[in-house]
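If you're matching them up, the sequences are chains A and B in order. Heads up, the first sequence is in the working numbering, so the first residue is 1 and it goes up one at a time. Heads up, the second sequence is in the working numbering, so the first residue is 1 and it goes up one at a time.
Heads up, some of the hints might be wrong.
[As the list claims (entries may be wrong)] Below 20 Å or equal to it, Euclidean Cα-Cα: the simulated EDC-like pairs (lysine to aspartate or glutamate) are:
| hint | chain 1 | residue 1 | chain 2 | residue 2 |
| --- | --- | --- | --- | --- |
| 1 | B | K226 | B | E114 |
| 2 | B | K226 | A | D367 |
| 3 | A | K73 | B | E114 |
| 4 | B | K197 | B | D187 |
| 5 | B | K113 | A | D392 |
| 6 | A | K395 | B | E182 |
| 7 | A | K195 | A | E307 |
| 8 | A | K73 | B | E182 |
| 9 | A | K73 | B | D232 |
| 10 | A | K195 | A | E298 |
| 11 | A | K195 | A | E294 |
| 12 | B | K113 | A | E397 |
| 13 | B | K197 | B | E182 |
| 14 | A | K195 | A | D295 |
| 15 | A | K395 | A | D367 |
[What the hints assert, rightly or not] Restraint ranges, calculated between C-beta atoms of paired labels, are given here:
| hint | chain 1 | residue 1 | chain 2 | residue 2 | range |
| --- | --- | --- | --- | --- | --- |
| 16 | A | S200 | B | N56 | 26 to 34 Å |
| 17 | B | Q109 | A | I74 | 38 to 46 Å |
| 18 | B | L25 | A | S197 | 56 to 64 Å |
| 19 | A | D71 | B | V18 | 51 to 59 Å |
| 20 | B | L26 | A | T145 | 30 to 38 Å |
| 21 | B | F110 | A | K395 | 18 to 26 Å |
To be clear, the hints were calculated from the coordinates, so they are not data collected in a lab. Everything numeric in this text was worked out from a predicted model, so none of it was measured. The beta-carbon is built from N, C-alpha and C at its ideal position, and this holds for glycine as well.
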Amino acid sequence: MSTTSSTPPVGEEVPQAPSDEGPGGAGNVGPSDAGLQPARLVLGVLGIAVSVWLIGNLFLAFAWYPQWFFDSKILMGVLGLVVGVGGAALLFWFLNMAIEALPRRLEHGVMPYAFLLPGFSLIGLMLLFPTVQTIHYSFANRDSTAYVDPIWANFTSLFRSGDFWSAMFNNLLWIAIVPAVTVSLGVVVAVLADKLSSASEKWSKSFIFMPMAISFVAASAIWLTTVYGYRPPGEPQTAALNAIWVNWFGQDPASWLDIDTARLNSILLMVILIWLQTGFAMVLLSSAIKGVPEDTLEAARIDGASEWQIFWQVTIPQIWGTIVTVFITVLILVMKVFDIVYVLTNGRNNTDVIANMFFREMFTNRDAGRATALIVVLLVAIIPILIYQVRDFRKQEAMR
Amino acid sequence: MNAGRLKDGRQRSPVSMVTMLLLALLWTLPTLGLLVTSFRSRDDALNSGWWSAIVNPFGTSWTFSNYTEVFERADMGNAFLNGIVVAVPATIIPIMFAAFAAYAFTFLQFRFKETLFIIIVAVMVVPIHVAFQPLLNLFGPNGLGIAGQYLAVWLLHTGFGMPLCIYVLRNYMSSLPYSVVESARIDGCSNFQIFWKLVAPMAMPAMAAFATLQFLWVWNDLLIAKLFLSNDNTTVIVKLQQLLGTQGQGAELLTAGAFISMVLPMIVFFALQNFLVRGMTSGAVKG
Chain A
1 MSTTSSTPPV
11 GEEVPQAPSD
21 EGPGGAGNVG
31 PSDAGLQPAR
41 LVLGVLGIAV
51 SVWLIGNLFL
61 AFAWYPQWFF
71 DSKILMGVLG
81 LVVGVGGAAL
91 LFWFLNMAIE
101 ALPRRLEHGV
111 MPYAFLLPGF
121 SLIGLMLLFP
131 TVQTIHYSFA
141 NRDSTAYVDP
151 IWANFTSLFR
161 SGDFWSAMFN
171 NLLWIAIVPA
181 VTVSLGVVVA
191 VLADKLSSAS
201 EKWSKSFIFM
211 PMAISFVAAS
221 AIWLTTVYGY
231 RPPGEPQTAA
241 LNAIWVNWFG
251 QDPASWLDID
261 TARLNSILLM
271 VILIWLQTGF
281 AMVLLSSAIK
291 GVPEDTLEAA
301 RIDGASEWQI
311 FWQVTIPQIW
321 GTIVTVFITV
331 LILVMKVFDI
341 VYVLTNGRNN
351 TDVIANMFFR
361 EMFTNRDAGR
371 ATALIVVLLV
381 AIIPILIYQV
391 RDFRKQEAMR
Chain B
1 MNAGRLKDGR
11 QRSPVSMVTM
21 LLLALLWTLP
31 TLGLLVTSFR
41 SRDDALNSGW
51 WSAIVNPFGT
61 SWTFSNYTEV
71 FERADMGNAF
81 LNGIVVAVPA
91 TIIPIMFAAF
101 AAYAFTFLQF
111 RFKETLFIII
121 VAVMVVPIHV
131 AFQPLLNLFG
141 PNGLGIAGQY
151 LAVWLLHTGF
161 GMPLCIYVLR
171 NYMSSLPYSV
181 VESARIDGCS
191 NFQIFWKLVA
201 PMAMPAMAAF
211 ATLQFLWVWN
221 DLLIAKLFLS
231 NDNTTVIVKL
241 QQLLGTQGQG
251 AELLTAGAFI
261 SMVLPMIVFF
271 ALQNFLVRGM
281 TSGAVKG
C-alpha cells in the first residue's frame with residue numbers, strides 16, 4: 001500500500017499541501033504527512049460505497065432470489081461466510097485508505113471512529129434501535145399502529161392480571177434459588193476437585209462441565225426422558241423419579257411437572273438449569289481457588305485455624321469477586337429463562353415466567369403491545385444489574 | 001487450570017473422592033440414559049427403564065431405527081445442514097467487525113473512548129428480547145422481506161454477539177505488548193497493516209475463545225431460530241422442540257433427535273475446551 005502512513009502525532013507539522021499524485025505517488029517516503037490526497041480519498045470512498053453495496057445486495061439476494069444460488073444451502077452458507085468475512089476486510093481496507101488520504105491531523109481524529117463504525121452500526125441496528133422501539137411499542141396497540149388510550153394501558157392491564165403476577169413470582173423464585181444454588185454447588189465442586197489427584201480432578205471436572213455444551217431444549221429432552229417422565233399406573237415406569245417413587249415407596253406414579261404444590265414443578269425445572277450451569281460456575285471458581293496464594297492458607301494453618309475456618313475466612317473472601325461474577329452471570333440468564341419452561345410445560349400449572357409469557361403474547365396472541373410491555377418490565381428489572389456491571393468495570397479499569 | 005501447585009504431597013481425601021465420584025455420576029447419568037434409550041427399540045424403551053439396558057445390555061434389543069426414522073420423518077438431515085449454515089457464518093462474521101473495534105479501543109486514542117466502551121459493557125446485559133418485535137417488523141414482509149431466511153439470523157447473531165466479542169477481544173488485546181504496535185507505527189505501517197499483520201494473529205486465542213462460545217450459543221439457540229427461520233430453513237434445536245411436543249406415536253424419535261442435536265456441540269466442546277474456559281473466564285456475560 002504505500003507511501004503514506006499514519007504515525008503517532010509526533011514530530012514535524014508538514015504543511016497541508018494538497019497532492020494529487022494518487023496511490024503510489026513518489027515524493028513522500030516514510031511516515032511524513034502528505035496532506036490531503038484527493039485521488040486516494042475518492043478511490044477509498046468509492047471502494048467503501050461499492051463494497052457496502054455489493055455485500056448488501058449479495059446478502060439480500062440470498063434471501064430474495066435463492067434460485068440464483070441453485071437453492072443450494074451449502075453454497076449460500078459458504079458464500080455467506082466468504083463474503084461476510086472478505087467483504088468486511090475489504091470494507092475496512094477501503095475505510096483505512098480513504099482516511100489515510102486525509103491530512104494527518106484529521107486522519108488521527110477520524111480513524112478510531114471509522115474502525116468502530118461498522119461494529120457500532122450493527123449494535124445500533126440490532127440492539128439500541130430495537131430497545132427504543134420496544135419501549136415505544138409498549139405504549140401502542142396490538143399491531144403497533146396507534147397509541148393505546150390511556151398511554152400506559154398495556155402496563156395497567158398487565159399489572160391487573162393474575163397471570164402476570166404469577167409469572168413474576170415464579171421469576172423471583174428462579175432468581176432466589178438458581179443463582180445461589182449454582183454458585184454454592186460450583187464452590188463445593190471446585191473445592192472438592194482441588195483435593196483430588198490431578199488426573200481425577202481433570203476427569204471429574206470434565207463430566208460436570210460437559211452439560212455446558214447441551215442446549216436447553218436437549219437438556220429438557222434428557223430430563224424428561226430419563227428422570228421426570230410419567231406413565232399411567234400399571235405400566236412400567238421408565239423414568240427414574242417415578243420408578244423410585246412407585247417401586248421403592250409403593251406410591252402411585254405422579255406426573256411431576258404438573259404438581260404445583262409448593263411450586264414443585266417449577267423447582268424441578270430449575271434443577272435442569274442448575275445441572276446445566278454448575279460446570280460454568282465450577283470452572284470459574286476453580287481457577288479462582290487455585291489463584292489463592294498458598295502462603296495465606298499456610299499462615300492460617302500455623303495460627304491453628306481449622307480447615308473449615310480457613311475455607312470461610314481465608315478462601316471465600318479471596319474468591320468473593322469471582323463468586324459475584326458467576327452469580328451475576330447466572331442471574332442474568334435466569335431473569336430471561338425461557339426454553340426449559342416453554343418446551344416442558346409452556347407455563348401450565350403455575351410454571352409461567354416472564355419470557356415465556358412474552359413469547360405467548362407475541363407469537364400466539366399476536367399482541368405486540370402487551371408483549372413489549374413485558375420486555376420493558378424485564379428491562380427495568382435489569383437496570384440495577386446494568387449499573388452494577390458498569391461500576392464494576394470502572395473499578396477494574398481504575399486498577400489496571 | 002494449574003496454578004503451579006503439585007498434586008502430590010497432600011493428603012488423600014476420601015470424602016472428596018467419593019463425593020466427586022457421585023457428583024460426576026449424577027451429572028453424566030441423565031445424558032447416558034438418553035444415549036442408551038435412543039438405541040433401544042420403542043417396545044423395549046416402553047417396557048423397562050434406561051437403567052435396565054445399562055445393567056443388562058444383552059437383554060435389550062438394540063437398534064438404529066430411531067435414528068433412521070428421525071432423519072426420514074422429522075427432516076433432521078436438512079435441519080442439521082441448516083444448523084451448520086446458520087452457525088458458521090454467525091460465529092465468524094462478528095469477529096471481523098469486532099476485532100477492528102477492539103483494536104481501536106486498545107491502540108488508538110480518541111474522545112469519548114471510555115463512554116463508548118461503557119456502552120458496550122451496558123449493552124452486554126440488555127436482554128436480546130428487546131430486539132424481537134421491532135426486528136420482526138423490520139425484517140418482515142412489510143420491511144426488508146428477509147424474515148425466514150438465513151440472512152435474518154446471521155444479522156441477529158452478529159449484532160447480539162458483537163458487544164461480547166468486542167469486550168473479550170479488547171480485554172485480550174490490552175494484554176499484548178504495546179511496544180510492538182508502537183514500533184510498527186514508527187516503521188510506517190498503516191493501522192490496517194498493523195491490525196492485519198500483527199494484532200489479529202496475536203489475538204487468535206481470544207478469537208477462538210469467543211468463537212467457541214458463540215458457536216455453542218448459536219447452535220443451541222431456540223428463540224431466534226424459531227422466530228426468524230422458516231420451517232424449511234430451521235435448525236435442529238427447533239425440530240427437537242417440535243418433537244418434544246409429540247405424544248404417543250413418534251415419541252421414541254425424541255431421544256435420537258436430542259442426541260443428534262448434541263453431537264456437534266459436544267465435538268466442539270471437547271476439542272476446544274481450553275478456549276471455551278478462556279472465553280468464560282474473560283467475562284462472558286450475554287444478555
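Quick rundown of the hints versus the structure:
| no. | hint | in the structure |
| --- | --- | --- |
| 1 | K226(B) with E114(B) | violated (37 Å) |
| 2 | K226(B) with D367(A) | holds (18 Å) |
| 3 | K73(A) with E114(B) | violated (42 Å) |
| 4 | K197(B) with D187(B) | holds (13 Å) |
| 5 | K113(B) with D392(A) | holds (17 Å) |
| 6 | K395(A) with E182(B) | violated (27 Å) |
| 7 | K195(A) with E307(A) | holds (12 Å) |
| 8 | K73(A) with E182(B) | violated (45 Å) |
| 9 | K73(A) with D232(B) | holds (11 Å) |
| 10 | K195(A) with E298(A) | holds (16 Å) |
| 11 | K195(A) with E294(A) | holds (14 Å) |
| 12 | K113(B) with E397(A) | holds (13 Å) |
| 13 | K197(B) with E182(B) | holds (14 Å) |
| 14 | K195(A) with D295(A) | holds (17 Å) |
| 15 | K395(A) with D367(A) | violated (42 Å) |
| 16 | S200(A) with N56(B): 26 to 34 Å | holds (28 Å) |
| 17 | Q109(B) with I74(A): 38 to 46 Å | holds (45 Å) |
| 18 | L25(B) with S197(A): 56 to 64 Å | violated (18 Å) |
| 19 | D71(A) with V18(B): 51 to 59 Å | holds (57 Å) |
| 20 | L26(B) with T145(A): 30 to 38 Å | violated (53 Å) |
| 21 | F110(B) with K395(A): 18 to 26 Å | holds (23 Å) |
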